Amino acid sequence: MLFAIRAAGALSILSMAVSNTEEQRRAAAALLRERVPAAAGIGRLFARHGYQLALVGGPVRDVFLGERPGDLDLATDAAPDQVLAIVGRWADRVWTVGIDFGTVGLRKKDVVFEVTTYRSERYATGSRKPAVRYGRSLEEDLSRRDFTINAMAARLPGYDLVDPFGGLAALKDKVLRTPGRPQDSFGDDPLRILRAARFAARLGFEVAPEVRAAMAEQAPRLEIVSAERVTGELTRLMLAPDPARGIDVLVGTGVADEILPEVSRLRMEADEHYRHKDVYAHSLTVLRQAIALEPRYGLDGDLTVRLAALLHDIGKPATRSLLPDGGVAFHHHEVVGAGLARRRLTALRFPNDVVRDVSRLVELHLRFHGYGEGEWTDSAVRRYVRDAGPLLTRLHVLTRADSTTRNRAKAERLARAYDGLERRIAELSQQEELARIRPELDGHEIMAILGIPPGLPVGRALSFLLELRIAEGEIGKQRATQALLHWAAAEGIVPPESPEPPEVPERPEPPEPPERPGAPESGRGED
1 MLFAIRAAGA LSILSMAVSN TEEQRRAAAA LLRERVPAAA GIGRLFARHG
51 YQLALVGGPV RDVFLGERPG DLDLATDAAP DQVLAIVGRW ADRVWTVGID
101 FGTVGLRKKD VVFEVTTYRS ERYATGSRKP AVRYGRSLEE DLSRRDFTIN
151 AMAARLPGYD LVDPFGGLAA LKDKVLRTPG RPQDSFGDDP LRILRAARFA
201 ARLGFEVAPE VRAAMAEQAP RLEIVSAERV TGELTRLMLA PDPARGIDVL
251 VGTGVADEIL PEVSRLRMEA DEHYRHKDVY AHSLTVLRQA IALEPRYGLD
301 GDLTVRLAAL LHDIGKPATR SLLPDGGVAF HHHEVVGAGL ARRRLTALRF
351 PNDVVRDVSR LVELHLRFHG YGEGEWTDSA VRRYVRDAGP LLTRLHVLTR
401 ADSTTRNRAK AERLARAYDG LERRIAELSQ QEELARIRPE LDGHEIMAIL
451 GIPPGLPVGR ALSFLLELRI AEGEIGKQRA TQALLHWAAA EGIVPPESPE
501 PPEVPERPEP PEPPERPGAP ESGRGED
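Mapped onto the numbering used here, the consecutive letters of the sequence shown carry residue numbers 1 to 527.
Since the hints were made in silico from the structure, they are not lab data.
Treat each hint with caution, since some may be false.
[Said to hold, decoys possible] Ranges between beta-carbon positions, derived for each pair:
#1 140 x 173: 41 to 51 Å
#2 343 x 232: 16 to 26 Å
#3 204 x 50: 21 to 31 Å
#4 278 x 110: 23 to 33 Å
#5 347 x 173: 33 to 43 Å
#6 351 x 278: 24 to 34 Å
#7 278 x 459: 43 to 53 Å
#8 346 x 224: 13 to 23 Å
#9 132 x 386: 44 to 54 Å
#10 346 x 386: 21 to 31 Å
#11 210 x 50: 33 to 43 Å
#12 47 x 356: 50 to 60 Å
#13 184 x 257: 14 to 24 Å
#14 407 x 351: 36 to 46 Å
Nothing here was measured: the structure is a model prediction, and the numbers come from that model.
No residue lacks a Cβ here, since even glycine has one placed at the ideal position from N, Cα and C.
Produce the complete structure using the sequences and hints provided.
What follows is the structure, given as structure tokens:
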């Protein structure tokens, strides 16, 4: 007998037996009708015109998982031009962006539908564009879908369940399987290899052994898929509830060797403290900890933070060195890693701002450890904020997440130290508007004082005054002008009213913090 239970506030049928007896089919139809009532009207519309229509894929799956579906995917035997004729007067709005692939989009009140003619997609050898072939039956359409959990349908308007490949059973078992042979499925569309990892990350499902084997075998075929489509799937994976699970599937099957080889290489390195299984495992832990910290900083679902957490240590394999005491160090791996992250994300065609911000966070992720756990000077705090710029909040998340030591006392000490840093930033921000630190003289004032035209010397003067501002705080324009004149004398720049530059024993430099950020002497910043 079929019994519906409540799961997370929504009805689910996954605790029931899933063989399709008549009683079970009625229960499934009742659940779908209750959760997706808007599909009935368009189902009756197509039936009046003599065409089939079914609710398919994700919406059916989500209802059985106890989730509310978003946009509704529908499949029909009507050709795209026939779909347009049927829905033209019924819908509030119609669009045809995907019509070349057999899809017509429409909106009725507040519900969005995508109606697709029965079809299959297949990549020809060497082609980057899948060819679309229209089918003639719902069962044929379902047989070409990626996974059994997405190969279920409900015929409309009666919501009659169609589950020829055991999708309900797979949902109950929390496993990803393909309707047919996985080799055929991934051969038809290699992008499904990445979808397997994405659904594992989103749903917390295991990937069936035969599916994993086919992923490993077919991974090289991803080269025929455009970078944009690969990046789209990778982005969805990274924004899933547990992207570390999906990344682990990609690495374990060798798929990451094709799209994120820098992450795969992390498995070859033990970290410098020998406190983690390896740098790869550490990176997944940092990713999970960063996600846990996102709500605290108002960064829920932040792609930049998540990519930076995953990639923050990718410079380690290239910078590994043995120390005299037998330990391991990775000097300047943050700088090397920033370059690697920039190149990889650019090759994948991530947006320019994501590439820029992720690589900068990778470069900055050791700055806190460079200063140590003691009291920070005002100049060190200013420099930290200046270097982070608009990424300061994200850097807070990454730095905290990067502490994965198993030594509880040390972990608590690091957390207290970072709490202290955040307090200092808040205090100085109130006093000095820290986020808007600028030299106390602007470019026009520098040119007027020194009698020089626009050019590189003005830029160097601005840099000098900015370092002075960071080191000493606000000193006023009069002192800043005197410091500028001394700097100019050392540079050989003679102001118009001073035929002879003031004598200075040596070129003045602004005071430096006790240690340069991001470069502790040991090269062993806590990761």
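Against the structure, the hints come out as follows:
1. 140 x 173: 41 to 51 Å: violated, 25 Å
2. 343 x 232: 16 to 26 Å: holds, 20 Å
3. 204 x 50: 21 to 31 Å: violated, 43 Å
4. 278 x 110: 23 to 33 Å: Since the Cβ atoms of residue 278 and residue 110 sit about 49 Å apart, the hinted range of 23 to 33 Å is violated.
5. 347 x 173: 33 to 43 Å: holds, 37 Å
6. 351 x 278: 24 to 34 Å: holds, 31 Å
7. 278 x 459: 43 to 53 Å: holds, 44 Å
8. 346 x 224: 13 to 23 Å: holds, 20 Å
9. 132 x 386: 44 to 54 Å: The hinted range 44 to 54 Å holds for residue 132 and residue 386, with Cβ atoms some 53 Å apart.
10. 346 x 386: 21 to 31 Å: holds, 26 Å
11. 210 x 50: 33 to 43 Å: Once the Cβ atoms are compared, 41 Å apart, the range 33 to 43 Å for residue 50 and residue 210 holds.
12. 47 x 356: 50 to 60 Å: holds, 53 Å
13. 184 x 257: 14 to 24 Å: With Cβ atoms ~23 Å apart, the hint holds.
14. 407 x 351: 36 to 46 Å: holds, 39 Å
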